[in-house]
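**Student:** In case you want the letters, here they are:
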Amino acid sequence: DGGITQSPKYLFRKEGQNVTLSCEQNLNHDAMYWYRQDPGQGLRLIYYSQIVNDFQKGDIAEGYSVSREKKESFPLTVTSAQKNPTAFYLCASSVGTTFGEAFFGQGTRLTVV
Amino acid sequence: SQQGEEDPQALSIQEGENATMNCSYKTSINNLQWYRQNSGRGLVHLILIRSNEREKHSGRLRVTLDTSKKSSSLLITASRAADTASYFCATDVGGGTSYGKLTFGQGTILTVHP
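Chains G and D are the protein sequences, given in the same order. Note that the working numbering numbers the first sequence so that position 11 is 11, with each residue one more than the last. Note that the working numbering numbers the second sequence so that position 83 is 1083, with each residue one more than the last.
These are computed hints drawn from the structure, not numbers from a lab. Please read all numbers here as calculations on a predicted model, not as lab measurements. Glycine included, C-beta positions come from ideal geometry on N, C-alpha and C. This list has only true hints and no planted wrong ones.
Examples of chain G residues lying across from chain D (beta carbon under 8 angstroms, computed): (1) Y33; (2) L45; (3) E101; (4) F104.
Use the sequences and the hints to build the structure in full.
**Tutor:** In structure tokens, the structure reads:
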């Protein structure tokens, strides 16, 4: 089945730790996105990538890092510099510059303990 | 700040009634999309309307776009309890330093009572 997979579904982080959230797609999409969603809020763009080996900061990139070494993978690292990382993280992909629909993963819920 | 802003923030209706949600945005767009999110899940694409279109239908959904007012509306007709979800508009600003960004609004929480 084609789709976009995020893992893990739940993740717990201790203060001061870096954690990496996985996002993989087999849709052959060029564009991939990471969003953060806080309770009762909309989605805020963290990073996005239009092509392999290239990515741009979104609206709230501070404390996060990404890589795009392969077309199908766009992992997000939440660093210790992110002071309030507890949130629901959503990864998405789309065809690319024509901007058809975006396909979303089921999300990763990150909690700082 | 968010590119898209939905209104109302919450909407509560009875089954069978129509639900209308509005979205306003700030800059020129290539297209505008509507998504649905069930609690704790990913988003699901509902409909896309391009900047040169004024109205689009898909099943019980009707979307309008007014680029002069920078606004869009989503109408769900004959609502069902299963339509209960959050609904988001998303815009592709598609130009300059914002090329490639897909930006979402705050969403409207729709509750349909049986």
